[in-house]
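Novice: Sequence:
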Amino acid sequence: MTAAAPAPAEDLPKPRPHPTGVRATARLRATHNGRTTTLPLLHSDGPFHLRRLRPRGERARVCVLGAMSAPLGGDGLVLDVTAEARTRLEVTTSAATIALRGPTTDPATYDVRLTVGEHASLHWLPQPLISARGSTLHQTYRVELAATSRLLLREEQLLGRTAEPSGHLSTRLTVRRDGRPVLDQHTVYGAPAPAWDGPSVLGGHRATGQLLLVDPEPVPLPEPVLLGDPEGGQCVLAPLADGTALLATAVAPTPALLRDLLDTALAHASGTAADRAEATSSVGH
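According to my numbering, the stretch in the sequence shown is residues 2 to 286, in order.
Don't read these hints as lab results, they were simulated from the structure. Hints are not guaranteed to be accurate.
Claimed, not checked - Here are the simulated distance ranges between beta carbons: (1) 149 with 195: 40 to 48 Å; (2) 194 with 143: 17 to 25 Å; (3) 55 with 165: 32 to 40 Å; (4) 95 with 182: 28 to 36 Å; (5) 126 with 243: 33 to 41 Å; (6) 199 with 42: 41 to 49 Å.
This structure is a prediction, so every number in the text was calculated from the model and none was measured. All C-beta atoms, glycine included, are put in the ideal place defined by N, C-alpha and C.
Generate coordinates for the entire structure from the input sequences, incorporating the hints supplied.
Specialist: Following this line, the structure appears as structure tokens:
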């Protein structure tokens, strides 16, 4: 469903935004004050407006609101999120992000940097990214995890709005734990990429996405699991070579069906982990 690129991220050519585009870097930092997670840094910039949400238990929550249309052609956007040691943080977005052509055909860049400290947990759960007709976007996720940190990351893409072809979307996800690579994946959709909507990639579907879970403990899933069906979309939940990560990759005809598949994969992974914990507890008794 996706094409993985083993080359290091620094080996990829880095597109330069158009000089007339928006330059913006928003920063979020979560710390632990000995009792709970606090948010001492919420720096909004350009199209990014960061807003605190009501906490969910011990987990602090932040929503990224769009203050203007972005990314447009030529924009250079950065979102930098740090969850320091022992924090619990969830980040979401208020609405879908729409990549548009804008005043130039030059590509826009959107760089998301996620850093998670020791014994910290980050849930990255944005709304979908829509690649509109005529747009060109290079998106990168760079995730740095400590040895004892936990990550739940969801990303979803809709390739073209209703009754329109997709723009050109290049997305790269690199995840490192304790300095070692966990995942390095590079996928390209939309013309002029070859066979991007063929049977070996999207199979005629318009929505695609993935869910990544990384935990300090080995994952209790020895073999891949196939979910869904060819008509309503399919999802593969598989362990990664690292041994402490699960990756669910899905395609579907609509964003709603895609979300259902990823939610089902998460429930399956969570149920497997709960079964493991129960078995361990029974052995202990």
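Novice: So, against the hints stated earlier in the document, which numbers end up violated here?
Specialist: Result: hint 5 breaks, nothing else.
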